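Those sequence lines, one after another, are chains A and B.
Residue 1 is where the first sequence starts when you use my numbering, and the numbers rise one by one after that.
Residue 1 is where the second sequence starts when you use my numbering, and the numbers rise one by one after that.
The hints are simulated quantities; they were obtained by calculation from the structure and are not laboratory data.
Misleading hints may appear alongside valid ones.
Stated by the list, open to error - Cross-link-like lysine-lysine pairs, in silico, BS3-like; alpha carbons within 27 Å at most:
1. K41(A) - K114(B)
2. K41(A) - K198(A)
3. K354(A) - K320(B)
4. K232(B) - K114(B)
5. K135(A) - K248(A)
6. K166(A) - K283(B)
7. K135(A) - K6(A)
8. K354(A) - K6(A)
9. K135(A) - K250(B)
Said to hold, decoys possible - The following label-pair restraints were derived from C-beta to C-beta distances:
10. K135(A) - V275(B): 48 to 58 Å
11. A165(B) - L48(A): 49 to 59 Å
12. S58(B) - A31(A): 13 to 23 Å
13. F101(A) - S60(B): 55 to 65 Å
14. V277(A) - L6(B): 34 to 44 Å
15. V275(B) - H106(A): 47 to 57 Å
Note that the coordinates shown come from a computational prediction; the quantities given were computed from them, not determined experimentally.
The beta-carbon is built from N, C-alpha and C at its ideal position, and this holds for glycine as well.
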Amino acid sequence: MDVMPKWAEVVLVPLISLLLAAVISALVILAIGEDPVAAVKLMITGALGSTYGWGYTLYYATNFIFTGLAVAIAFHARLFNIGGEGQAMLGGLGVAIACLFIPWPHWSLALIGAAVMAGLLGAAWAAVPAWLQAKRGSHIVITTIMFNFIAAALLNYVLVNLLRPKGQMDPATARFPEATNLPTLHDILAPFGIAFSKAAPANVSFVVAIAACFVLWLLIWRTRLGYEIRAYGHSESAAKYAGISPVKITMITMIISGALAGMMAINNVMGEAERLVLNSTEGAGFIGIAVALMGRSHPVGVFLAAILFGFLYQGGAELALWTSIPRELIIVIQALVILFTGALDNMVRMPLEKIFLAVRRARAPKPERKPVESAE
Amino acid sequence: MDYATLIQLLDSTVRLATPLLLACLAGLFSERAGIFDIGLEGKMLAAAFFSAAVASLSGSVWIGLLAGIGASVALSALHGIASITFRGNQLISGVAINFLAAGMTVLIAQDWFKQGGRTPSLMGGARFEGITLPFADAIADVPIIGPLYSELISGHSILVYMALAAVPLTWWVLYRTRFGLRLRAVGENPAAVDTAGVSVIGLRFAAVGICGVLCGIAGAYLSTALQAGFVKDMSAGRGFIALAALIFAKWRPWYALWATLLFGLFGALETRPDVIEAVIGMKVQGQLLGALPYVMTVIILAGFVGKAIPPRAGGEPYVKER
């Protein structure tokens, strides 16, 4: 099967897909009468030119790492979790409950407590569709979409009727107590003599996100469970013959996925807003799909893709501020990335495979070499 | 609740159910041919924008409708190329189309009209007005039947009647024509259709094309009949409710009508909390009512109330045997 060498699979295909998305984005910018080169320059200075820009880029990236990992682990079991958005909303509810009702003595304990609560609620919200898929055969994509809407309605209800302080107009919880406020990158880096913007929202959750990447890598490629998840994803029937329970793998994978999506809330709810507001997730659950696709469901790829999308988000905000290009340009770019790296993957892959085949035939008329071990 | 309120409620039910019905039938064609389509939402949104924009520029709502259908069919073609020609993941393609429409509509609206991602308000010939059916005024004063006919049945825009007519038409096409038989077969067992010498790819593209046309009408209805102009994200999840209705209807045209009318009724009730309170004697939160279609769909999907069995080859790209 392996027509292409591994480097082409891992680097070349995503790069070409990304290039296609970038070219079309540039054409879109041209079509609305702006200069794409100037736009990219503005995005780079806005997102990476100052520690303030970096602070926002990394803040967004933290959200996307969590949701990207959530989608990625589900992809390994060939499950498509579109419900990251709803799971992250429930995670926000978990953080709010943990921060508002438990008197934490120190932020580090609060972070652990809030992460556990966020993970639990996110996991619960993913567990129901998983159970329905595993036991009742209902399609997980449809049920997770439905659960996104149900989550939005539930949060609306909870914020308006239960968690809103008396006399407050907007549907949001009270501010979290001081002790639960997470240190920002400014606070973390200051002891090392590194000056980092005080205003930017990037916080200690970024470190947690990196840790999550590493743990997930260990889980997928270094544990028996990870092996079972991948085996199930490659071939359900083969996994069954090997004694792997589809119900168990579906449930566990989706629970991990939901917990990761839910844990995003320690960044946006606990780290940035410091209270739970309506629509706190701002579509990050969906960006996780683009991030996981671009990162080829590998934690390192997810990390890099999340940084790229963090850059796009912050850069896009700067564009909207200084030019007539609306913020929605990022949604278009996101759509193009999903389209080219996900749906039109074969469009890039097929011609490349042909080229590699032709080159190999021309170079080596000998019998086939041993195929390269595939790790995807 | 008095009779006049009931008529009002049912009237808004019909108006809210129309876009759902059109999108639901659109999804029905696509999914019956084995192509999952979660991009209904995006296609509706794109059609809503282009029909409002072109209607506002040209002053003719019919040209607007055509533009809306064109935009929706273009996205359908993209979905077809991704999922049929290149055998990509149909779900991912649908997700991409939803985002593409959400972003592009605002981008183009801002570029053309500079009104913060909306189109100017449509007036006169740039909008679908309600049609007064014959004798509606004459019998309006007759008790019971009068209001029923003149307010509930008469007075909708032409697209509402087109949507209602699309139900028997869809049934006829699917169950009484050769094309329909093949279309259903290609969603269940494409290999059998291929063996019979009929093009799987051609049939699937045709189904996706019909889906595009119907979604286009649904979108045009949103911005030129239900409301007067396009606003950002105006499809507001209707594409997904239509998807829910499709499952609720078990992929059948007549059931689709009842399912969308039911979900339309929920939508109508959401705006009239006083009516709910009067009927069941307690307050129901609007947000919870809004979630009801989704909850019901999950319950149906779970198979607790009758089993919804999707077309067997749905979601699978067809690879011809060599």
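Structure-based check of each hint:
no.: 1; hint: K41(A) - K114(B); verdict: holds, 24 Å
no.: 2; hint: K41(A) - K198(A); verdict: holds, 24 Å
no.: 3; hint: K354(A) - K320(B); verdict: holds, 19 Å
no.: 4; hint: K232(B) - K114(B); verdict: holds, 13 Å
no.: 5; hint: K135(A) - K248(A); verdict: holds, 10 Å
no.: 6; hint: K166(A) - K283(B); verdict: holds, 20 Å
no.: 7; hint: K135(A) - K6(A); verdict: violated, 37 Å
no.: 8; hint: K354(A) - K6(A); verdict: holds, 15 Å
no.: 9; hint: K135(A) - K250(B); verdict: holds, 20 Å
no.: 10; hint: K135(A) - V275(B): 48 to 58 Å; verdict: violated, 38 Å
no.: 11; hint: A165(B) - L48(A): 49 to 59 Å; verdict: holds, 57 Å
no.: 12; hint: S58(B) - A31(A): 13 to 23 Å; verdict: holds, 21 Å
no.: 13; hint: F101(A) - S60(B): 55 to 65 Å; verdict: holds, 60 Å
no.: 14; hint: V277(A) - L6(B): 34 to 44 Å; verdict: holds, 39 Å
no.: 15; hint: V275(B) - H106(A): 47 to 57 Å; verdict: holds, 52 Å
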